Amino acid sequence: MTLIALFHESTDTAEVIDELHNLGIPDNKIVVITGVPYPEGALGRHREWLTLPYIVLAGAVAGLLFGLFLAVVTPHLYHLDVGGHPPVGFPPAAVIIFIFTMMATIVSTFLGVLWEMNFPRFGPAPYNKLVTDGYLAVILDIPTLLEDKVKQTLEAHHAHHIGEPEWMAL
Amino acid sequence: MPEPDHAVYETPPTTPYDERLLLAQRTDSEINLAVLQPMMQTGKGFWVLVTILSLIVAWGFYAWGYLIYWGIGVTGKNRPVYWTLFITTFVFWVGISHAGTMISAVLRLLKVDWRRPITRGAEAMTAFALMMAGLYPLIHLGRVWKFYWMIPYPNNRLMWPNFQSPLMWDMVAIFTYLIGSTLYLYLALIPDMAMARDHTGGWRYILYRRLALGWRGTEGEWHKIHRALGIFSIAIIPIFLSVHSIVSWDFAVTIQPRWHSTIFAPYFVIGAVYSGLSALASILVVVRRGMDLQEFLRAEHFDALGKLVLIAGMAWVYFWFAGFIVEWYGNEPVVRELIREEVAGHLAPFFYLQMSANLIPIVLLIFKGVRTTPALLLAATLLVNVGMFTERALIVIGSLQRNNLPFNWGIYRPTWVEVSIVAMTFAGFALLYTLFSRIIPFVPVWEIKEGRLRYTIRRIGRLLVPTAAEID
Numbered sequence: 000m001t002l003i004a005l006f007h008e009s010t011d012t013a014e015v016i017d018e019l020h021n022l023g024i025p026d027n028k029i030v031v032i033t034g035v036p037y038p039e040g041a042l043g044r045h046r047e048w049l050t051l052p053y054i055v056l057a058g059a060v061a062g063l064l065f066g067l068f069l070a071v072v073t074p075h076l077y078h079l080d081v082g083g084h085p086p087v088g089f090p091p092a093a094v095i096i097f098i099f100t101m102m103a104t105i106v107s108t109f110l111g112v113l114w115e116m117n118f119p120r121f122g123p124a125p126y127n128k129l130v131t132d133g134y135l136a137v138i139l140d141i142p143t144l145l146e147d148k149v150k151q152t153l154e155a156h157h158a159h160h161i162g163e164p165e166w167m168a169l
Numbered sequence: 000m001p002e003p004d005h006a007v008y009e010t011p012p013t014t015p016y017d018e019r020l021l022l023a024q025r026t027d028s029e030i031n032l033a034v035l036q037p038m039m040q041t042g043k044g045f046w047v048l049v050t051i052l053s054l055i056v057a058w059g060f061y062a063w064g065y066l067i068y069w070g071i072g073v074t075g076k077n078r079p080v081y082w083t084l085f086i087t088t089f090v091f092w093v094g095i096s097h098a099g100t101m102i103s104a105v106l107r108l109l110k111v112d113w114r115r116p117i118t119r120g121a122e123a124m125t126a127f128a129l130m131m132a133g134l135y136p137l138i139h140l141g142r143v144w145k146f147y148w149m150i151p152y153p154n155n156r157l158m159w160p161n162f163q164s165p166l167m168w169d170m171v172a173i174f175t176y177l178i179g180s181t182l183y184l185y186l187a188l189i190p191d192m193a194m195a196r197d198h199t200g201g202w203r204y205i206l207y208r209r210l211a212l213g214w215r216g217t218e219g220e221w222h223k224i225h226r227a228l229g230i231f232s233i234a235i236i237p238i239f240l241s242v243h244s245i246v247s248w249d250f251a252v253t254i255q256p257r258w259h260s261t262i263f264a265p266y267f268v269i270g271a272v273y274s275g276l277s278a279l280a281s282i283l284v285v286v287r288r289g290m291d292l293q294e295f296l297r298a299e300h301f302d303a304l305g306k307l308v309l310i311a312g313m314a315w316v317y318f319w320f321a322g323f324i325v326e327w328y329g330n331e332p333v334v335r336e337l338i339r340e341e342v343a344g345h346l347a348p349f350f351y352l353q354m355s356a357n358l359i360p361i362v363l364l365i366f367k368g369v370r371t372t373p374a375l376l377l378a379a380t381l382l383v384n385v386g387m388f389t390e391r392a393l394i395v396i397g398s399l400q401r402n403n404l405p406f407n408w409g410i411y412r413p414t415w416v417e418v419s420i421v422a423m424t425f426a427g428f429a430l431l432y433t434l435f436s437r438i439i440p441f442v443p444v445w446e447i448k449e450g451r452l453r454y455t456i457r458r459i460g461r462l463l464v465p466t467a468a469e470i471d
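Heads up: the protein sequence lines correspond to chains Z and Y, in order. Counting from 1, position 41 in the first sequence corresponds to residue 40 in numbering that gives the first Met the number 0; the numbering is continuous, with no gaps. Counting from 1, position 142 in the second sequence corresponds to residue 141 in numbering that gives the first Met the number 0; the numbering is continuous, with no gaps.
Careful: at least some of the hints might be erroneous.
[Stated by the list, open to error] Per label pair, the in silico range of CB-to-CB distance: (1) Y/N161 to Z/L110: 29 to 37 angstroms; (2) Y/W144 to Z/P86: 43 to 51 angstroms; (3) Z/E8 to Y/W113: 38 to 46 angstroms; (4) Y/P151 to Z/Y53: 23 to 31 angstroms; (5) Z/A93 to Y/R457: 26 to 34 angstroms; (6) Z/D26 to Y/G229: 23 to 31 angstroms; (7) Y/G200 to Z/H7: 25 to 33 angstroms; (8) Z/H7 to Y/Y317: 48 to 56 angstroms; (9) Z/E8 to Y/Y317: 51 to 59 angstroms; (10) Y/K110 to Z/T10: 54 to 62 angstroms; (11) Z/L110 to Y/W202: 27 to 35 angstroms.
Hints listed in this document are in silico derivations from the structure and should not be mistaken for laboratory results. Quick caveat: nothing in here was measured; it's all calculated off a predicted structure. A virtual CB, placed ideally from N, CA and C, is assigned to each residue, including glycine.
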């Protein structure tokens with residue numbers, strides 16, 4: 000079953016997460032939703048591994064190769080003599096390669112973070128609008144057997160709105 | 000023993016952080032409301048402004064259509080002045096776009112806290128200024144339908160863009176900066192779109208829901224967006240430096256006297272930062288008044304921004320002088336003639352306008368009273384941009400009037416078509432910004448709330464001092 004609880008305080012939230020761990024609820028069954036980015040580790044969660052830097056790196060390399068193709072290969076395919084310069088010169092090629100590398104870096108960062116967050120995702124999801132008003136929401140996926148114990152733990156840490164979450168179309 | 004002066008001890012301690020204290024005491028929902036409410040208020044003045052700006056834009060489009068129909072001859076372009084008001088204004092808008100990155104990326108990396116309420120305004124300014132700049136190469140082409148020749152795709156005419164050409168670098172660099180700054184603006188906007196989604200209805204709800212992309216604010220989402228913004232902040236800095244450098248190389252790689260200079264790239268970049276920061280300060284003063292954002296855009300923000308403008312202004316003077324002294328000392332005939340024209344010839348009014356409009360604000364901004372008084376800051380920063388526009392006009396138009404072939408000297412006078420199109424982009428920028436301020440939360444709400452997490456007000460003796468926590 001899925002439960003949601005709202006908290007006023009980050010300290011209560013962190014403590015409740017520790018106790019939920021003690022009850023045997025693994026980290027991947029707990030989702031904390033906030034309207035403000037809390038510092039990593041503030042709520043007692045594990046640091047998440049990100050593939051984003053590798054996506055960005057791959058994007059940058061792709062951009063560099065595309066820039067090389069445009070600046071170094073294509074002038075040989077479409078030969079054009081200008082100003083007594085060779086068809087391919089280092090300074091103009093460096094400019095084009097640099098710009099395409101940076102363009103691909105930027106675009107891959109954007110697409111990479113959307114991919115990592117699984118966005119866009121407009122379907123229904125457990126949520127409470129009070130989150131953007133400053134509340135911290137803890138959403139739990141727990142076995143029904145643990146329901147009473149979990150509710151007691153949540154209430155002991157001043158949680159409110161405890162119950163089944165509303166599945167809202169986001 | 001003299002009696003202690005009780006009057007002094009009994010005076011309640013005053014604090015320069017009253018407004019910050021007020022913000023610290025507000026709940027998150029009150030902050031949401033304080034940002035969202037001004038967006039919903041579109042009074043008579045707003046619609047009058049939108050109508051006037053729209054009419055100017057419409058007139059500008061008519062002038063552009065006239066230019067396309069009759070050809071580029073309806074402008075004042077001639078031989079030797081083949082780059083005119085269009086390119087001047089193009090360089091000006093690219094310059095204006097530089098403050099967004101300066102404020103948002105550099106200050107984000109340096110974890111400078113006063114950036115928080117002004118980043119979105121700065122990023123929007125960058126995006127809109129680049130949109131205006133991007134119009135000019137199209138307008139300047141005259142035959143705008145030939146633009147697709149710049150796009151590299153195999154074709155049976157065997158035509159291919161010349162990647163050795165600075166004009167090609169220009170197009171690619173500006174396109175990259177426009178993409179980068181728009182994505183940067185949007186990425187930081189997603190959490191606030193979710194906040195707006197949760198507090199609005201009707202068409203706004205539909206729009207904000209789409210733009211929020213399903214954001215909930217899970218720890219994972221925050222972590223990922225923080226990482227992405229960090230990467231963006233690093234990646235966009237070399238782009239912003241390269242864009243105005245490349246714009247300067249449009250000029251510097253020619254053999255035109257006064258353009259062929261190795262100092263042009265840093266000189267253009269610092270000029271761009273000077274004019275961009277000034278434009279940002281001007282806009283913030285106007286938006287603060289128009290949207291009642293006094294609680295978010297406070298004297299401390301204007302003070303810090305004013306100091307940045309001051310530093311950029313002094314750096315601009317240094318680079319200007321470093322270029323000028325070398326040219327003056329070289330004493331080459333055409334350069335000497337151009338300097339004479341500027342100092343004592345028909346360009347003199349523009350030269351002295353440029354110098355006074357750029358130097359007077361530097362002197363004014365030394366005083367804290369000027370930096371922290373919105374009206375005075377507005378006057379000083381508007382003056383900077385008058386000076387910077389004139390500077391660009393002198394570089395582009397002034398220099399082209401003289402060259403190494405004296406029989407080929409000439410002068411330039413703008414036509415109504417050029418003036419109308421330039422006015423169109425100024426009105427277009429203001430129109431986009433005005434509409435943006437009523438549709439998108441102008442103050443980055445989540446960044447403000449994040450800032451509140453870091454700060455507490457601590458009493459030291461008789462003072463209340465904001466104290467930052469060491470968190471990332």
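Tell me if the beta carbons of Y/P151 and Z/Y53 are separated by a distance inside 23 to 31 angstroms. 29 angstroms, holds
Taking the CB of Z/A93 and the CB of Y/R457, does the distance hold inside 26 to 34 angstroms? Violated, since Z/A93 and Y/R457 (Cβ atoms, about 51 angstroms apart) do not stay within the stated range.
Per the hint of 51 to 59 angstroms, is the separation of the Cβ atoms of Z/E8 and Y/Y317 within bounds? 52 angstroms, holds
If I claimed the Cβ atoms of Z/D26 and Y/G229 lie 23 to 31 angstroms apart, would that claim hold in this structure? 24 angstroms, holds
How does the Cβ-Cβ distance of Y/K110 and Z/T10 compare with 54 to 62 angstroms: does it lie in that range? 24 angstroms, violated
Honestly, do Z/H7 and Y/Y317 meet the 48 to 56 angstroms range at C-beta? 53 angstroms, holds
Measuring from beta carbon to beta carbon, are Y/W144 and Z/P86 in 43 to 51 angstroms? Violated, at about 29 angstroms.
State, for the Cβ atoms of Z/L110 and Y/W202, whether the hinted interval 27 to 35 angstroms holds or is violated. At roughly 28 angstroms between Cβ atoms, Y/W202 and Z/L110 fall inside 27 to 35 angstroms, so the hint holds.
If you check the beta carbons of Z/E8 and Y/W113, does the distance land in 38 to 46 angstroms? Given range 38 to 46 angstroms: violated, Cβ gap about 28 angstroms.
Taking 29 to 37 angstroms as the stated bounds, is the beta-carbon spacing between Y/N161 and Z/L110 within them? Given range 29 to 37 angstroms: holds, Cβ gap about 30 angstroms.
Is the hinted range of 25 to 33 angstroms satisfied by the C-beta distance from Y/G200 to Z/H7? 27 angstroms, holds
Going down the numbered hints, you'll see the structure goes against 2, 3, 5 and 10, while the others check out.
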